[in-house]
Amino acid sequence: MASEADWADWMRRAVGGDAEAYHRFLHAVTPRLRAMARRRCDQFGAPPSEAEDVVQEVLLAIHLKRGTWDPARPIGPWLSTIVRNKMIDSLRRRGRRVDIPIDDVVEWLPAEAQADGSERVDAERLLARLKDPQRDIVRSISVEGAGVRETAERLKMSEGAVRVALHRALKSLAAFYRRDRHEDE
Amino acid sequence: MKTNDLIRLLEEDAPAGMSLGRRITLALLAGVVVAALLLIVTVGLRHNLASVFETARVIFKVGETLLLAILASALVYRIGKPDLPARTRALMLLVPLGLLVAAVVTELALLPPADWVSSWRGQHAAFCVFFIPVLALAPLAAFLAALKAGAPENPALAGAAAGLAAGAIAAAVYAWHCPDDSPLFVATWYVIAIGIVTAAGGLIGRRSLAW
Numbered sequence: 714m715a716s717e718a719d720w721a722d723w724m725r726r727a728v729g730g731d732a733e734a735y736h737r738f739l740h741a742v743t744p745r746l747r748a749m750a751r752r753r754c755d756q757f758g759a760p761p762s763e764a765e766d767v768v769q770e771v772l773l774a775i776h777l778k779r780g781t782w783d784p785a786r787p788i789g790p791w792l793s794t795i796v797r798n799k800m801i802d803s804l805r806r807r808g809r810r811v812d813i814p815i816d817d818v819v820e821w822l823p824a825e826a827q828a829d830g831s832e833r834v835d836a837e838r839l840l841a842r843l844k845d846p847q848r849d850i851v852r853s854i855s856v857e858g859a860g861v862r863e864t865a866e867r868l869k870m871s872e873g874a875v876r877v878a879l880h881r882a883l884k885s886l887a888a889f890y891r892r893d894r895h896e897d898e
Numbered sequence: 734m735k736t737n738d739l740i741r742l743l744e745e746d747a748p749a750g751m752s753l754g755r756r757i758t759l760a761l762l763a764g765v766v767v768a769a770l771l772l773i774v775t776v777g778l779r780h781n782l783a784s785v786f787e788t789a790r791v792i793f794k795v796g797e798t799l800l801l802a803i804l805a806s807a808l809v810y811r812i813g814k815p816d817l818p819a820r821t822r823a824l825m826l827l828v829p830l831g832l833l834v835a836a837v838v839t840e841l842a843l844l845p846p847a848d849w850v851s852s853w854r855g856q857h858a859a860f861c862v863f864f865i866p867v868l869a870l871a872p873l874a875a876f877l878a879a880l881k882a883g884a885p886e887n888p889a890l891a892g893a894a895a896g897l898a899a900g901a902i903a904a905a906v907y908a909w910h911c912p913d914d915s916p917l918f919v920a921t922w923y924v925i926a927i928g929i930v931t932a933a934g935g936l937i938g939r940r941s942l943a944w
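One line per chain: the protein sequences are A and B, in this order. Counting with the working numbering, you get residues 714 to 898 for the letters of the first sequence. Counting with the working numbering, you get residues 734 to 944 for the letters of the second sequence.
These are computed hints drawn from the structure, not numbers from a lab. A few of these clues could be false.
[Unchecked claim] Straight-line C-alpha distance at most 27 Å; calculated DSSO-like pairs for lysine-lysine:
| id | chain 1 | residue 1 | chain 2 | residue 2 |
| --- | --- | --- | --- | --- |
| 1 | A | LYS869 | A | LYS884 |
| 2 | A | LYS844 | B | LYS881 |
| 3 | A | LYS844 | A | LYS869 |
| 4 | B | LYS881 | A | LYS869 |
| 5 | A | LYS884 | A | LYS844 |
| 6 | A | LYS884 | B | LYS735 |
| 7 | A | LYS884 | B | LYS881 |
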């Protein structure tokens, strides 16, 4: 069971460019996010796939906003605030009332391993909105599991261009999530 | 897309760029330099700057705007960080407010009532209200761009803080040109000008700083 100090250490190394540490961090955080989101969705009688969409939206926010964490400070309060704000936001946009405070991520008890077996509805639909070559790059790296270099070779692009496009794609996805429900209202 | 696929995407994305603090420092420097240059190449510094600089009113005007610029900028550094409370820094803004009230009271006590209106109206009130927001354009744009990397709890408030800091920087720069020195003038026209920039920042921030 990883402690908060482990999380901080992984994130500190991740900010310095250590992909392996970032991998550990994200895989340690995700089960807790999932447990939190599922409990919320259970209360509303919403399907687990909706909880998984919330998890993905929160992960995206943690990723895009990690520059606001000061590595000299503990990670718990930072992570909890990001998760709380984003989760409330995400649930509200899905028409779920949030009247109970969202729990502390770090203090949240370890979740039993819950596989992510359900099909995403939102993510698929939002991915389809990405333009080329962003969509190809996202598919190549996420679904097909290729690295940036392999993707660059496959699409006959430079690695730099792939990196830039990938970063833009992630920002676009976050913006799609943000605007998605507003347009429906 | 499964969550593990998303995580793979996040891992492949390049390491986080500049820290939020450094982005805001760059925005601050760029904003101050552009606003100062804009003042110098357009209306220029006050011609009798050296001789008037000893008077208490000029020192107050320059000092007050500078203090507000510093305190509001300190708030901008804090407001995009989710784990650090901004309340103390926001409350610090009461210090320049208190100074302004004290200066107005002192001015009213010193000036004969017959001079109140002419001191309040000054010579260039309309230009002041127009030009401070113009000078604030660069700092406001720079702060808002930097704060896009932030995660503010309330995007409209964060935008307003950026507007307040940009307006105060513009006022502190404009003070080096402005020939109207009475605290009555500052408390009215400077405050209106800074208020316009603050409101603009809030309106823009509400949308552009949402995350």
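Evaluated hints:
no.	hint	verdict
1	A:LYS869 - A:LYS884	holds (23 Å)
2	A:LYS844 - B:LYS881	holds (23 Å)
3	A:LYS844 - A:LYS869	holds (17 Å)
4	B:LYS881 - A:LYS869	violated (32 Å)
5	A:LYS884 - A:LYS844	holds (13 Å)
6	A:LYS884 - B:LYS735	holds (18 Å)
7	A:LYS884 - B:LYS881	holds (11 Å)
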